[in-house]
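Line by line, the protein sequences give chains A and B. Per this note's numbering: the first sequence = residues 1 to 113. Per this note's numbering: the second sequence = residues 1001 to 1110.
Worth flagging that the hints you see were computed from the coordinates, not collected in a lab. None of these values were measured; they are calculated from a predicted model. Among the hints, a few may not be true.
[What the hints assert, rightly or not] Distance windows between CB atoms, simulated:
| # | chain 1 | residue 1 | chain 2 | residue 2 | range |
| --- | --- | --- | --- | --- | --- |
| 1 | B | H1077 | A | R16 | 37 to 43 Å |
| 2 | B | G1029 | A | L84 | 30 to 36 Å |
| 3 | B | T1079 | A | R9 | 24 to 30 Å |
| 4 | B | M1010 | A | V54 | 22 to 28 Å |
| 5 | A | Q41 | B | R1081 | 21 to 27 Å |
Beta carbons are placed, not taken as given, at the ideal position from N, Cα and C, and that holds for glycine.
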Amino acid sequence: EAGVAQSPRYKIIEKRQSVAFWCNPISGHATLYWYQQILGQGPKLLIQFQNNGVVDDSQLPKDRFSAERLKGVDSTLKIQPAKLEDSAVYLCASSLDQGVGYTFGSGTRLTVV
Amino acid sequence: DAKTTQPPSMDCAEGRAANLPCNHSTISGNEYVYWYRQIHSQGPQYIIHGLKNNETNEMASLIITEDRKSSTLILPHATLRDTAVYYCIVRGSGNTPLVFGKGTRLSVIA
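Next up, chain B with everything else stripped away, as it sits in the complex (with noise of 0.2 Å):
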């Protein structure tokens, strides 16, 4: 079973950030947090990943609590092409597999 909580869906207009938020209360001290997106009629696309410390890359800002019991990712600059199905997924180093939830369906708005 997925150990993450994420609302089922969100809206955001066009060129402002979205900020999806992610409950995981049970992870456990060597487990990071995974952000994955689907866009429709595709496969799942990874984002970000994390441990304690704040990530950015060139799609997305990690933000995760001192506690490590939730996260929220940042889109800075949403576009259309960002409306998709949104994963946030704990998961153990090495090889473990990636347990998916039902994630936040993003809509992005004109």
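The shape of chain A in the complex, shown without the other chains (with noise of 0.2 Å):
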């Protein structure tokens, strides 16, 4: 089966610029995930959709990050404006509902100048 698909691989923007990304779960997979992870660390939970509809977000700086799911299908997790802080490489997983485990996407690398 195809993985999870992301873009771009790469991305360098001026802070307080805008910047998207986009996610293409596995197909059938109702759960998707957003992680962040900075350098050095472990990969952190920003939102998590059960098809299109948010069950987490409780860790997603609202302020500036914003992600939707429409149509249950694809995922755009959205940084307006981006901060130095925001370089990061940005994760996306799905999972099948009450599913084992997650397939991750290689992620998109944010780099905020």
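Since each chain comes alone in its own frame, lean on the hints to assemble the complex.
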């Protein structure tokens, strides 16, 4: 089966600019997650979707981050405006409903300068 | 916060078994132990998981102590491609999210 697709692979922006990341999960996977991974740390959950509804967004900085999952398939994560501390790898993952484990994409590496 | 404790780094000679320990003393009865690994520039990859019995698959073996307060991931014949960060995660049932700690950086040496 095809894996989780993410784009772009790399992005460099200046602080205060906006940026968007795209994720296409594995077909049929109802649950989708966005994680942020800062260099040297483990991934941190930002938001969890079940179909097109938000299950958990308690760690999403909502003043600047937003995410949506239209039609319960693809998802986008947006940052506006970006700060230097947003430099990280943004990982998308998906799983079957009540799934055993996640499948992660390769991530988008964001550098804010 | 992560519910597990792992050593920050370990080395292993190529061809030998790699034994990665994990402490999870506060694990509750319905929580599973999951192991993932992350090779440089890739997303985390699922390895194995278990509840209380030992588990084995084509990648690794998972040994969970009888009191479930610790576990060991065993890579039976480590290769250079096993060099990665290994994460031990305690997770409830259903779709509760994975909470990652800092993991163990395993270096396999030729």
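Structure-based check of each hint:
{"no.": "1", "hint": "B:H1077 to A:R16: 37 to 43 Å", "in the structure": "violated (51 Å)"}
{"no.": "2", "hint": "B:G1029 to A:L84: 30 to 36 Å", "in the structure": "violated (44 Å)"}
{"no.": "3", "hint": "B:T1079 to A:R9: 24 to 30 Å", "in the structure": "holds (26 Å)"}
{"no.": "4", "hint": "B:M1010 to A:V54: 22 to 28 Å", "in the structure": "violated (38 Å)"}
{"no.": "5", "hint": "A:Q41 to B:R1081: 21 to 27 Å", "in the structure": "holds (23 Å)"}
Figure legend: structure checked against the earlier numbered hints; hints not met, in rising order: 1, 2 and 4.
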